[in-house]
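Asker: If you read the sequences in order, they're chains Y and S.
As numbered in my numbering, residues 1 to 404 make up the first sequence, in order.
As numbered in my numbering, residues 1001 to 1377 make up the second sequence, in order.
Worth flagging that the hints you see were computed from the coordinates, not collected in a lab.
Predicted, not measured: the structure shown is a model, and the values here were computed from it.
Incorrect hints may have been included.
Output of the computed footprint for chain Y on chain S, the stretches with three or more beta carbons under 8 Å from beta carbons of chain Y [what the hints assert, rightly or not]:
1) 1087–1100
2) 1131–1142
3) 1232–1242
4) 1266–1275
5) 1354–1364
All residues carry an ideal CB built from backbone N, CA and C; glycine is no exception.
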Amino acid sequence: MSEAGLAAAAGGSRAGSLAVPVWVKGLVPLSVLGALAAVFLRFGPIGVFPGAFPPVEELTIERITLPRPGEIQVRVVNGGPEPSTIAQVLVDDAVWTHRIDGDRTLGRLERRTITIPYPWVEGEPHEVSLMTRTGLTFTGRLGVATRTPVPDRRYIGALGLLGVYGGVIPVLLGLSWLPFLRALRRRWLDFFLCLTIGLLAYLAVDALAAALEGSTRVPGAFQGPALVPLGALGTPLIIATLRERKQRAGTGPLSPRSVAGLVAVGVGLHNLGEGLAIGSAYATGEIALGTALAVGFLLHNSAQGLGIAASTAEAALRPGQLALLGAVAGVPAVLGTWIGGFSSSPLWTTLVFAVGGGAILQAIAVLWRFLARRAEGRFAQPLHVAGLVLGLLVMYFTGLAVPV
Amino acid sequence: MEKPNTSPDRVGEALGQPDPRATARPDPAEPPRNAPPEPAELRLSRRELLKAGALGAAGLAAAGGTLAFRPQRPSADTSHPGPANHHLLMEPVGDIQPGGFDPSAFLTHFDAGRVSRLPNGQVLREYSLVAVDTEIEVAPGVFFPAWTYNGQVPGPTIRCTEGDRVRVHFVNAGSHPHTIHFHGIHAADMDGTFEIVEPGQSYMYEFDAEPFGLHLYHCHTPPLKKHIHKGLYGVFLVDPREGRPPARELVMVMNAFDTDFDGENEVYAVNTVGFHYQKHPIRLRKNELTRVYLVNVTEFDPINSFHLHGNFFRCYRTGTRLDHYEWTDTVMLCQGERAILEFTYRFPGPFMFHAHQSEFAELGWVGIFDVQEVPNV
Chain Y
1 MSEAGLAAAA GGSRAGSLAV PVWVKGLVPL SVLGALAAVF LRFGPIGVFP
51 GAFPPVEELT IERITLPRPG EIQVRVVNGG PEPSTIAQVL VDDAVWTHRI
101 DGDRTLGRLE RRTITIPYPW VEGEPHEVSL MTRTGLTFTG RLGVATRTPV
151 PDRRYIGALG LLGVYGGVIP VLLGLSWLPF LRALRRRWLD FFLCLTIGLL
201 AYLAVDALAA ALEGSTRVPG AFQGPALVPL GALGTPLIIA TLRERKQRAG
251 TGPLSPRSVA GLVAVGVGLH NLGEGLAIGS AYATGEIALG TALAVGFLLH
301 NSAQGLGIAA STAEAALRPG QLALLGAVAG VPAVLGTWIG GFSSSPLWTT
351 LVFAVGGGAI LQAIAVLWRF LARRAEGRFA QPLHVAGLVL GLLVMYFTGL
401 AVPV
Chain S
1001 MEKPNTSPDR VGEALGQPDP RATARPDPAE PPRNAPPEPA ELRLSRRELL
1051 KAGALGAAGL AAAGGTLAFR PQRPSADTSH PGPANHHLLM EPVGDIQPGG
1101 FDPSAFLTHF DAGRVSRLPN GQVLREYSLV AVDTEIEVAP GVFFPAWTYN
1151 GQVPGPTIRC TEGDRVRVHF VNAGSHPHTI HFHGIHAADM DGTFEIVEPG
1201 QSYMYEFDAE PFGLHLYHCH TPPLKKHIHK GLYGVFLVDP REGRPPAREL
1251 VMVMNAFDTD FDGENEVYAV NTVGFHYQKH PIRLRKNELT RVYLVNVTEF
1301 DPINSFHLHG NFFRCYRTGT RLDHYEWTDT VMLCQGERAI LEFTYRFPGP
1351 FMFHAHQSEF AELGWVGIFD VQEVPNV
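Bound-form chain Y, shown alone:
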């Protein structure tokens, strides 16, 4: 036995005859905790506190859909700490008859779908309130009433096309800048790399803002605000770990190839979130699938393509690898649009945006270090700063092109 092993064994037992494995020592407090929890739940010493408080209730309306004229469907989840009973349903402050697909009492984290035969008015906002047994009301709002699209081939095709316009084509368009970028002198390539950092910074803030916004709509039990750091911090850490392992395998730190890959992954995740948002916005009638929208996205996301191209300029990638990079960045938009168009919830949207934001932050960090190495200390040159600012501005102004 090694010396370490002997020491461990000795430390584990003074008497020397009992070798308690480490994992047992870790497990004992856990099992004591579990036993305590079981005892509390079973025998309830908490009962010493005076009872008869009204329950703490929290129901969240996750989504409201309009399958056909004269029908509203509401999906509700109990995100609160205690069971809640839905007694009545109101639409626009009018008590309305309805059906619930299950027991009126929702336990913790349970979901129900409520069907309300209400003659909703096209284009107008509506408000659905659930009144519980204790008289509390929980409200969900439908901003613009329009019939929820039916998932037929035309709809799927339209969503897919939007994803292609918004994600794949712009990225490929951007990659077509490669000959230009490869022909540039080093200084100017650095300029475009700074531009890329600016672009990515815009996207990162965009994604994190969307994640924070969505987190406020997540039912309480799922702790929306906690999802944001989970995604935004966890993602870069995981990616960094993966990169470290690949590094040991010999591709080298900060190789142009890995930088390009990271940027593509980050942009791809952001586009997944964007696709989710666009898809669900279309399904709720808040955007029309018009030419203006497609063109707007074409312009806005072409800048993303430029960024990816700039990061691959020195990578000497084969066309097949370039196409793969383009796909990694662009195709998630299509996937996101499909998913968002059919079903989405604040929970997943928040998570995806947080992860996207984190991935982009990771890409920014890597690109930064890459550039710093190339610049050999002279990093904050006017040209670099100009590139960065221009990157932000380009995203901002092309964002204006997306129809108001």
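Please build the complex by placing chain S on the supplied structure of chain Y, with the hints as guidance.
Answerer: Positioned in the frame of chain Y, the structure of chain S alone reads:
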């Protein structure tokens, strides 16, 4: 009048209601709501669109979409074929639990008190009111923690004749101090304003019933809104000495409940339970005089109103004059105001009555008079 072929049964669950005949309900003359949708106008910025999209309000037409659009029937009977009756949609699902307060019974119940004669010949009526905290059902499945007189909201309808001696023994068995303030003409220490009765204490209110008319009583302890809106009110009816013409008499107290305590009412009703008289129409007889004692104790909303369908009524404001009345079909009352309405239906069938503030009607203050053709029901 010909009846449509759909006859929904309107009996609630086991409320001891006399079983009404199937009541015909004519369809409102509106076209079905399936006009083709117009294109939606967009006034949202991209930021807002994406934000809105990120809220994830999308969804599949899920299994629920398989059901055809039909009016909902809360009771056990099978759904009826035929044209959709829209008014059946705007009502709560289910009914109040049996065994509790019955608004249909309250409608016609008058408490004349324990009657005796004083040495001077005056009629003495003695009543007993106990303030007690209890939970009441204000809409099917919706419960409200109320403060009540004698366990009911509204409290018992006290009825006497002008000139009677009224003696009300009040015991406070609640958890907060209360009083009983009577609307009428009486001494200051019988007014129920400054003599606060603590929990466990009691007080004897005594005064002569005057003037004749329709009045009310309620708690007058600060905070005033809370003590009234939590249910401490009732009707105090003083008949004129010569009496009023015989009629079918109904007591209607317009009240409302702020169930989530946000300073606005969520449930409106007449006699506490929202939509109750829509689910259990009140039977009247054609050509029979009906008298409604209408009192407004709605808190938080400045005014309430009563509108009658298919008829006009004589409106005796406060009921203090027998010779002055308005001839109208809609009367507006502020909180604390009351009126005696007298009307006779010339046509049979269902007639709605409700607040003409449509928002109150949609939240429960709506009912139906079912006017019967046949005299013996």
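Asker: Taking the hints in turn, state whether each one holds.
Answerer: Hints, one by one, checked against the model:
no.	hint	verdict
1	1087–1100	holds (count 6)
2	1131–1142	holds (count 5)
3	1232–1242	violated (count 0)
4	1266–1275	holds (count 4)
5	1354–1364	holds (count 4)
Checked against the numbered hints given earlier, the structure breaks only hint 3 and satisfies all the rest.
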